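2 protein chains.
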Amino acid sequence: MSELSITRADCLARDAQDPLAPLRERFDLPPDLIYLDGNSLGARPRAALERAQQVVAREWGRDLITSWNTAGWFDMPKRLGERLGPLIGAAPGEVAVTDTTSLNLFKALAAAVHMQAQAQPARRVIVTERSNFPTDIYMAEGLTEWLERGYRVRLVDSVDELPAAIDADCAVVMLTHVNYRTGYQHDMAMLTRHAHQNGALIVWDLAHSAGAVPVDLNAAEADFAVGCTYKYLNGGPGSPAFIWVPQRHQATFSHPLTGWWSHAQPFAMAHGFAPADGIGRALCGTQPVVSLALVECGLEVFEETSMEAIRAKSLALTDLFIELVETTCADHPLGLVTPRDHARRGSQVSFTHPHGYAVMAALIARGVIGDYREPEIMRFGFTPLYTRYVDVWDAVAILKDILDREDYDVAAERGAVT
Amino acid sequence: MSELSITRADCLARDAQDPLAPLRERFDLPPDLIYLDGNSLGARPRAALERAQQVVAREWGRDLITSWNTAGWFDMPKRLGERLGPLIGAAPGEVAVTDTTSLNLFKALAAAVHMQAQAQPARRVIVTERSNFPTDIYMAEGLTEWLERGYRVRLVDSVDELPAAIDADCAVVMLTHVNYRTGYQHDMAMLTRHAHQNGALIVWDLAHSAGAVPVDLNAAEADFAVGCTYKYLNGGPGSPAFIWVPQRHQATFSHPLTGWWSHAQPFAMAHGFAPADGIGRALCGTQPVVSLALVECGLEVFEETSMEAIRAKSLALTDLFIELVETTCADHPLGLVTPRDHARRGSQVSFTHPHGYAVMAALIARGVIGDYREPEIMRFGFTPLYTRYVDVWDAVAILKDILDREDYDVAAERGAVT
Chain A
80 MSELSITRAD CLARDAQDPL APLRERFDLP PDLIYLDGNS LGARPRAALE
130 RAQQVVAREW GRDLITSWNT AGWFDMPKRL GERLGPLIGA APGEVAVTDT
180 TSLNLFKALA AAVHMQAQAQ PARRVIVTER SNFPTDIYMA EGLTEWLERG
230 YRVRLVDSVD ELPAAIDADC AVVMLTHVNY RTGYQHDMAM LTRHAHQNGA
280 LIVWDLAHSA GAVPVDLNAA EADFAVGCTY KYLNGGPGSP AFIWVPQRHQ
330 ATFSHPLTGW WSHAQPFAMA HGFAPADGIG RALCGTQPVV SLALVECGLE
380 VFEETSMEAI RAKSLALTDL FIELVETTCA DHPLGLVTPR DHARRGSQVS
430 FTHPHGYAVM AALIARGVIG DYREPEIMRF GFTPLYTRYV DVWDAVAILK
480 DILDREDYDV AAERGAVT
Chain B
80 MSELSITRAD CLARDAQDPL APLRERFDLP PDLIYLDGNS LGARPRAALE
130 RAQQVVAREW GRDLITSWNT AGWFDMPKRL GERLGPLIGA APGEVAVTDT
180 TSLNLFKALA AAVHMQAQAQ PARRVIVTER SNFPTDIYMA EGLTEWLERG
230 YRVRLVDSVD ELPAAIDADC AVVMLTHVNY RTGYQHDMAM LTRHAHQNGA
280 LIVWDLAHSA GAVPVDLNAA EADFAVGCTY KYLNGGPGSP AFIWVPQRHQ
330 ATFSHPLTGW WSHAQPFAMA HGFAPADGIG RALCGTQPVV SLALVECGLE
380 VFEETSMEAI RAKSLALTDL FIELVETTCA DHPLGLVTPR DHARRGSQVS
430 FTHPHGYAVM AALIARGVIG DYREPEIMRF GFTPLYTRYV DVWDAVAILK
480 DILDREDYDV AAERGAVT
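So the protein lines, in turn, are chains A and B.
Going by the numbering used here, the first sequence opens with residue 80, and the numbers climb by one from there.
Going by the numbering used here, the second sequence opens with residue 80, and the numbers climb by one from there.
Treat the hints as calculated values from the structure; they're not laboratory data.
In this text the structure is predicted, and so the values were computed from the model without any measurement.
For glycine and all other residues, C-beta sits at the position ideal for the given N, C-alpha and C.
One or more hints might be untrue.
[Unchecked claim] Examples of chain B residues lying across from chain A (beta carbon under 10 Å, computed):
1) L99
2) A100
3) L102
4) A127
5) I144
6) R158
7) G357
8) V368
9) D483
10) Y487
[Unchecked claim] Label-pair restraints from in silico Cβ distances:
11) A/P454 / B/Q276: 48 to 56 Å
12) B/R390 / A/A198: 50 to 58 Å
13) B/A349 / A/A198: 28 to 36 Å
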């Protein structure tokens, strides 16, 4: 322990000086829980309970059908998009909150493939990483198999192989900016530039980036992006996802999921589809209003700080976690999976352990909530809006205790740790 | 008025004897409002407020990520499908509540087209009605245009032309069981039989049927169905939709929206898509839990009665409305659009009036909530769970007063009546 550069008292002192510390009060966190799983399901903003009551009791119960206009239900996907946009470097009118990440990815991939079919029809490959979140690959395969015509998905085994895989056959590159298991963060600007120089379009999945790390889609000149609102954006369980289409691509943005919400005149009930101008054409059907409304409560909190301040604390928290684990648990077979390089790190830290599943189950039983991903990976997410330095200290002390005493059940059946 | 077979006192007496009358207490309806728009947005079940609080405060706020298992979030689409199934003649394991009606229609159409591509590849036409809900046609066109290979949508102008349009080119018939504007109800058993006899598969949209009229999909041997939970099922604004896939088609049910929730082992994060058995393969991405959970509050009410009892009252209410309007407003240019034939009528009544938009606006201002659809159509939906006979009487009395006094603004700008 003598090698540590910091004490628990130092952690408390850092919390006392932390400019983000007051934002923890905006969340309703259970006492005695150290919640390091905001990368899976963000904590509940306090405002969400009152907002849910308002939508259910007043907007639905009392005002009924009129709320589509008077409570702004119909415009909510675009209104929330305006509030989310600054977190990812989007310009006004470029983001909608709607449907699921999987479906938005399908729309973006379909649009990118369609654009390439017009411009460079010989390009029929979607390039992605084998380590991408599986549903992204499933959606890409679903699209290419249905298109037939020789479209296919090419899986790349390592980041190093990625540049060469973006070749003359490549129509679209589909990457998740921050990897869900390792926390590795791609160089968005460099890879986007490389894709463009090689004739490809690029679609970014920001599921583990939005609200977690600074993102500037327009500065990178990215083509399309999608992402999730229920992780670092604290929108609530399964809350609708987002899609970003930059202005320069909006006029040609075309996908097959053409429901009435993407029509230029949705209430005209017109015969024949005419796409809306702008981001409206990324919509499809009627949205789940109650879940959608709660997304606003998560976004509001971000407006009281900046992604730069969040990033500074995120790196401080993850640096601290890595140092404490590597120093105090040095005798145990833990392997750091997440990059030490700040530029390549998201807002999570993953360690392998031969009994990772059992150790994580023991941590959860002791009130430290992380999660587990095959193979052997323990994931710890750090949400600067509500995670304290002392939480990091205490989480590592509990981890050390579990490991030192081997206080975990290696025979525990796997499956239930989400 | 002397021709009327009934008085207001008679209506009150019918309400007093109505076996469904106690169910009105299960809903939180604003006082002094006659709500005849449950065909657009169903009223709020009282239980929904407490359920929303439970999901937001306890399941999300307190139990956080563990609720995916402990609160049954992950299985909710199937669990709600089991409760919805009996209302539409589905067997266990055949219904999921998920995504939107538009997206579920896309999945069902894609699966039907795929099945026909294997069995009868020369059939490349989707037959539907020009008067179908526009989004259904948009989605079918979105699918056929993206498939290319000669697929196209054929629009039929009248019910009479429908049988002949189901010809040797027809792969799939796509019909909305009860028309959203007219309230016309198709003969599901007859048209399904006719489609099958002519080599076509048939997809039914039950948006205005589920919870409104008795439906027996398995008795009709229908192929696929989709529908809405926020109209007659009272699931809440924009609540997730449903999809029905009968057991006989589940093994071959294939669509391009293959997200991780439709994977055989969603948490294995496996490489390569392997579809789940059963209705699970109709799922796609993570669902909006708060909105989804409220669907249960609507479905619970149906378990205290039967679709036969609901249908009997629905026909009594719509018969009464038609009689009262036609008798007391006989001097006004109203035209009944909805069939008089019970077998062909849904649970709504539509009348045209040259100033239909202005008259509906006047009704709404007087507390009678119906809605308007071009051209000239005033729609009145009747929800037997909470609509009383005296509501019908009072609504018609107000309509008569507005018409007699011409107390409506014909210059009112159109647009805001949803």
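For each hint, the structure was consulted:
1. A cut of 10 Å between beta carbons decides the hint on B/L99: the least distance to chain A is about 20 Å, and the hint is violated.
2. The closest approach between the C-beta of B/A100 and any C-beta of chain A is roughly 20 Å, which is over the 10 Å cut-off, so the hint fails.
3. Against a cut-off of 10 Å between C-beta atoms, the interface hint on B/L102 is violated, since the closest Cβ of chain A lies about 16 Å away.
4. The criterion of a C-beta within 10 Å of any C-beta in chain A is met by B/A127, whose closest approach is roughly 6 Å, and the hint holds.
5. This hint holds: B/I144 has a C-beta 5 Å from the nearest C-beta of chain A, less than the 10 Å allowed.
6. Against a cut-off of 10 Å between C-beta atoms, the interface hint on B/R158 is violated, since the closest Cβ of chain A lies about 15 Å away.
7. Contact between B/G357 and chain A, as hinted, is not supported at the beta carbon level, the nearest pair being about 18 Å apart and thus beyond 10 Å.
8. Checking B/V368 against chain A by beta carbon gives a least distance of about 4 Å; that is within 10 Å, so the hint holds.
9. At a threshold of 10 Å, the smallest CB-CB gap from B/D483 to chain A is about 26 Å, leaving the interface hint violated.
10. At its closest, the beta carbon of B/Y487 sits 18 Å from a beta carbon of chain A; the interface hint therefore is violated under the 10 Å criterion.
11. Separation of A/P454 from B/Q276 is about 54 Å and conforms to the stated range, judged on CB atoms against 48 to 56 Å.
12. Between B/R390 and A/A198 the CB atoms are about 56 Å apart, so this pair conforms to the stated range of 50 to 58 Å.
13. One distance hint, 28 to 36 Å for the beta-carbon pair B/A349 and A/A198, holds here, with the actual separation near 35 Å.
Hint violations for this structure: numbers 1, 2, 3, 6, 7, 9, 10, all remaining hints satisfied.
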